[in-house]
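> Assembly of the complex is requested from the two constituent chains, each provided in isolation within its own frame, with the hints serving as guidance.
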Amino acid sequence: MSSSAVHSLWTTAAEGKLDKIPAPHIEYAQLAPTLIVLGAALIGVLVEAFVPRRSRYYVQVFLSVVALAAAFAAVVGLAAGGYGTTKAHIAAMGAIAVDGPALFLQGTILLASVVAVFTFAERRLDPEAHGNRVDSFAAQAASVPGSDSEQAAVKAGFTTTEVFPLALFAVSGMLVFPAANDLLTLFVALEVFSLPLYLLCALARRKRLMSQEAAVKYFLLGAFSSAFLLFGIALLYGYAGSVSYATIADVVSGSVQNVDPALAGTMGNDALLLIGGAMILMGLLFKVGAVPFHMWTPDVYQGAPTPVTGFMAAATKVAAFGALLRLLYVVLPGMSWDWRPVMWGVAIITMLGGAVVAITQTDIKRLLAYSSIAHAGFILAGVIATNADGISSVLFYLGAYSFVTIGAFAVVTLVRDAGGEATHLSKWAGLGRRSPLVAAVFAVFLLAFAGIPLTSGFSGKFAVFKAAAEGGAGALVVVGVISSAVAAFFYIRVIVLMFFSEPKADGPTVAVPSALTTAAIGVGVAVTLVLGVAPQYFLDLAHNASVFVR
Amino acid sequence: MSFPLLTATAALPALGAIATAAVPAARRTAAKWLALLVSVGTLVLAAIQLVRFEPGGARYQLTESHAWIKDFGVRYELGVDGIGVALIGLTALLIPFIIAAGWHDADPLETSAGPDSSFAAGRWRPTQGFFALILAVEAMVVLSFEATDVFLFYILFEAMLIPMYFLIGGFGDRAHAQGDEAAATQRSYAAVKFLLYNLVGGLIMLAAVIGLYVVAGSFSLNEIAAARASGSLHMATNTERLLFLGFFFAFAVKAPLWPLHTWLPNAMGEATAPVAVLITAVVDKVGTFAMLRFCLQLFPEASKWATPVIVVLAVISIIYGALLAVGQRDIKRLVAYASISHFGFIIMGIFAMTSQGQSGATLYMVNHGISTAALMLVAGFLISRRGSRLISDYGGVQKVAPVLAGTFLIGGLATLSLPGLAPFVSEFLVLVGTFSRYPAAGVVATLGIVLAALYVLVLYQRTMTGPVKAEVQGMPDLKVRELLVVAPLIGLLIFLGVYPKPLTDIVNPAVRQTMSDVQKKDPNPVVEAAK
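Residue numbers (this note's numbering), protein chains in the order written: chain A, 1 to 550; chain B, 1 to 531.
Isolated chain B, as found in the complex (with noise of 0.2 angstroms):
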């Protein structure tokens, strides 16, 4: 037997996530060493996939197949196709970041009566605790990424909330003073939300996934396209729509689309950074890589009988993310806006149902979640040195701190898709795809990137320029753990805009195969995606 390298990759985080739990109360930098150590080696096994994954090869390769819970017909059966094997990359390369950004976000506090009254009984460890759930997180939102078995996806998909929902609830923003009532609140209230936001999602998905036994007989997604190939399995009409809603509900929740967006803005503005990172940057890829997996391939005739709502729907979240952020004076929720309006553009490339666009949406999923890490570790940054996150209480910082200006500006550039970063390639081929079939969609969507410019800039001009205000005054520049932090992220950022072919290269036969799940071609003149 060949070395399990996908189960691998996903065993390593939940181990290291159980050993960084098990770390004693007083060593909490050897739980922050190991935490780190255990997510590099996970990149590791990442780029070892990426390695051996062959572009044009096997649909789903790597691939592991045993026996698990007989009676439901739940296989652990795990692969991965070229978004998968992306998405996983993303992951990966990400975590390490995370846990370096938030380096200090769990550390006791000092207050004035002391260290933290609740470290002292010595059993309560939220040092080890965050670090552990951010690798129980990245085990799970792995895993999910290869599962080729709805089951066992399912399982994921839900389980995944509970170790965001204490990230969320559990560590909130250090721009509060510790024992602050009404923080707590408004942190219980947003993961509160979360969860039941996407709890609900996941339970109607439920639902759904039982129906799904009940006609095709199989969870497995091989054993159910090839019974759809041979003619089989054939869904009635209505059902195949009935269980389609039902799984496109839950990842629209997740992903989030207008109008079951809500819940996000509070999650991110609640939670510190590095989390907000985790849950836009990699949790949330869940929902919108399940739509090209699982809605596309399960379900492709509900998904284009689907589509023209779901566009609708999407081009909503660009216009209306992108306004309500040129609105914020918040600047976590600003980015957690933008969020929204960028999850409109990879749900427009996914169901616009051409190659371009759902190549441009796997890559924008890629890098929307390096240009948002980028752009909200900065802003953590920021934020951790003023102890506020209202935009109006900054002004000048590019005078006191130029690094931290310029990175993050870099960030935000990214953000708005300026050309030669690499979210500029995803958008303009999400834009292109969307475009070829649906003109009207694509044209009141390219308003998005204006807006973006809008609220990116203006954000930029109200914090960084101007008059340095009195705050501000003397606060330190980036340190190198946190400039060691941003610099990588800004180099990839560079080079897959530049250079975006060896991510295509992966991901474009994939692409392929889901359109040809669905039936669809491209429309007339056919363009090749951008190689």
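Next up, chain A with everything else stripped away, as it sits in the complex (with noise of 0.2 angstroms):
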């Protein structure tokens, strides 16, 4: 094995004689999805810089979803060009893979991101300010809460475009991070997504100051994750000599003798091996909100706007679980006796943990916050079978839980009094009488979380447990069911509060939104009920995409 091998595209710049440097090889045509949301997301800070105030919102709006569906249009034509299934190999030198889960989870990725863009760009919910109309978004970011400099801002109209291109930045990095084929470019991409998300967190027009607090929270405990990853794929690299994730499986197979002689002292350490991808999964479960990694969740997503709390709850959870899917199956399957116990006990946790702490919880942010950690649970159980229907089962999870989520957080922010969004739970008594159709909407997102049949949270779910239990955690399908017991009540909870009670007599206002919210909610209703209904098709296309390209 000549010492290249374990270079990968982040080091062979390092190794080469500074007199000529290799172009590296990159395939840009596989690369497409993430290029292109990643130039719209350049462009974006191009037009915030030059295009005049009143027309950069249209200007952006536009670009993002063009950009988002372009990007869709690209994975589409790469599935079909056969790179999810007999062409998937390893682009860029080693850095990305393209193969069917990447192809796939990109693909609900920037789905689920151009509905989210859709709740971004609504701006009918708040009344007029001063004549201008505004969205969920700060004024001006900048401006300290309550100071005249806010108010100025928000007399002269001025709103936060910039969310936009944020939000491509967010994407393009969750693009890559479920296809990262080297701890490097995981841990880049990792960066990538997460940095604007922080910002994102801290922009809501109302409530600043809280959702100021939840961005310094989920920066801190996010900075702190970011730390444990990198260290993580330091040990690695002592123990493997390499980032690279198909090195790495080889030198934990034992299939790879020889020793880089800088790394003789390391390498091939278990101990190492061990705490590395201890501290690796630590990073990612965060990410993912599992418990005990889950405690920034409730107060980020109650904090963070709206709009950018289903995004997150959406879309950064599907990245997430990819790139802890290929983790454990691509560079760890060879010690899955040392971490299938860790994580039964980590899904074990996650699910009771999430569903019995969001029994108590009167905030709807939170409690779908807690939802959110419990079906974190219920995926885990799906990545510990360790086998294809593994795969394809939390692939299509992930699919199915992304639109409910991101339909659940659009209906929450219709609900609206004096505040703004009025998301004590009390205050949605009788919504089911004043707004029918915004209340059964609603309730069938919430049965979706629930898991009851002909919605797709029931077909996720049996798929996970299906998977689980064929790959021997019958046990963990028992803790499932049970805690999607305890998960029932207080779903159910909520439809009582809309449906059975009186409504108070100031109790809030659904407020009319334009089409756009209107269509994020019928996206995800749609999508809940053909996935519940006849899901054949997208398991088949899960199915399809479920073989990891090594």
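Source of the hints: derived by calculation from the structure; they are not laboratory data.
Glycine residues also receive a C-beta, built at the ideal position from the N, C-alpha and C atoms.
Be a bit skeptical, because a hint or two may be false.
[Unchecked claim] Here are some of the chain B residues that sit facing chain A, going by a computed Cβ distance under 10 angstroms:
id	residue
1	69
2	72
3	103
4	166
5	199
6	480
Here it is, written out as structure tokens:
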């Protein structure tokens, strides 16, 4: 094995003689989805700089939607070209995998992002401020909450159109995250999507202090988890002498004999492998929101602007689970005996913890946050299956879950009172009387979260539980159904509140949204029902996409 | 391709539900007539099923099979046996009566401040919703009687909880004034309790359903039965027992069997009388039906293993339900506890593992449906007149409303299994069938009949006889609509009590088949079920 074999995209330049740095070989066409989104994000920055303020909003929305749609078309094109199955391979000198799971997840992220951008762009919900239509984001992020400069910004009708390029940057990172095929790419992708998210969290128009607090919390804890991840990467490099997934897997399985002389002291040291692997897992489980790395979730979900929460809850989860799957199935299958028991424990406490704590919540956004934790547990049950069904079921679940989530948060943005969104549960009493349609739609989402048959939630839950049972994790399935029962209680409680309680006199009003949010909610409902009643096509899709390239 | 009769029988009410829900807010009466028309159409389809069904023919008839979710190994497979077709008939028969009986249950209330304000918004359409939900329940119940794919059955078993939940929680007894906070709280408590009990049961069943797939590799009853017969499928004893328990738990909650019964009195007490009938006479039958079809057929060995315990629980249900019925002060809760006692009989008959017992249990399901419907609907009419569910608020009704009292009495006598009325035949068969295998259980269960006489007759005596109470004075007798609801049910009770043969002819071959599934022979001497 030549020493260059252990190098990756990131280290070839360093190895080469300085007088002739070899140009890395990049398959641009196969990376098109990411590149399109990234390019659009950069253009978005230029738009902020050069386009007049009054037309920025329209340009940004147009640009974002077109870019995401084009990227999705590129994903479909790649999948149709067989890159998901027969032509799956590793592009960009080992940095990016172009294979079924990557393309499936990228497609899911892009679709979810389009829907999320719709909710970002909604400007009908808040009452007009000084004759200007406003969205959910702060007029001017830099002005201190409650200050004169904030008032001036509101009066001038400023809006933070930067959210669109920020979202696009985040999406581009998320596209790379599940496709990353070496640890450094993984880390770079993580940072590329995390940093814009930290910012987006801080940009709420209402309750700005809470929003900023959420962002700081998210940033601090996220920085910790990044540090863990990075430390883990360093340790794994020490263990394997490479950051490439394939090489690490080979070293783990013992098929690499020769040792990099520079790393002779550490290579093959199992302590490094175990500690490093555990730290990387911790970093990923943080992003996934699994117990005990979930502490940020409720605060951030509650504080962030609701469209951002929906985007984060859906797309981040998809990306993070994609990366987790690839890490466990490609890098560490050789030590599944070591990580499976740990992941069992994490899955169990995540399912139970999320479901039990959710019961006591009184804020709808926090409730959905804990519910997302419980769902992370269900998905982990599928991850642990370690069979082909495990991968396909997780892919399917992620697709199903992300649309329910975005739809549910989009409904949350509609229910408002004088203070903005009325997220306290007591204010939702009798909503079914005031606006039967909105309440019915939200009930559909809640039933899907609860996994009631004929919704996508049931198909997904059934798929992961079946995979887990086939993978020998029957006990997990039992814990899963028990926590589903617990979880059902609080979803049902919200339905009771909406339909069977008398409306309060000072209750919130339901804002009439523009076509954008309507479309987002409509897509959510349609996907929820289609995946519930006739999931076969999408299961096939997930099934065909369930082979990782090594 | 022949006409998909089974699908049509379920699809008609499903489409009817959507159409009913879509009727504009102002056209409430049109929605009611549409729902009634759809339910009668469904009854016609169910009747065609009964006619086309050949007793003694293939086990599952009128079958349909289509690919559905290949990845889960799920097919859309339908087929009816004698038990299924009888219960579909019962369901389709009762729904028009339930709709007619609940004709005014979801109308806007005239309050002192003018019409109910929540109707004023125009978008809130409870009347349409009420009848649409009933039809939705009918569609799911019918399809669950037809499903021969375990997964398909499971989906319906769970999904029917949602419309039931809204029916219980959303439409309260008119005994309470609108806006009565305490009543609303109780009602939503009952609805949530109903949903959670059944959901927990269903989720435990979900684990067993997945387990079954892992073990058997299929959800199709036919395929699993064939694999069992050819010996290619062998379940380890413990696995089979665990899976059996998972399924049985869900069915026992639904049925309901002591000690999982506590949701039923709440649900039946708080729901309107027609919805209470829907719960106990229609939806709960899915539980007992599923014990026969799924527990015995999929897990014959485990069923035999569990029989002694289940029979004991059933006997406890019979006695406990009857004792609590004796002590009730609330008419609807009394009927609910009586139903628990009757479900005990049904479950005992199923697990006695004799052909009389199982024939009797199946007949019991049908007869209990009709007799409870008669009693409960008349009770509902009574309650709507006085505005109270308490027995002590009535007295001497037979002097003011003789027809009401008379029909109430017949419904009550059917409930206590008076010879000559339909439930007698089934109760007798169940007791005979049980006695030949478990004499002790048979003897103790007979006490249930005595207690039934007590709670029914005491109820009648306290409400209908004696001096006429002031509030009861001037109570109107049954109206034409109400009479049209009750009279056919009573006619049917008498007809099936005197001449049960049409029903037994359909049911018996299916029961023999089930008996051969569990490889049980009747204990000697073999007594052929009443012909």
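> Kindly indicate which numbered hints from before are broken by the structure, ordering the numbers from low to high.
Violated hints: 3, 6; rest satisfied.
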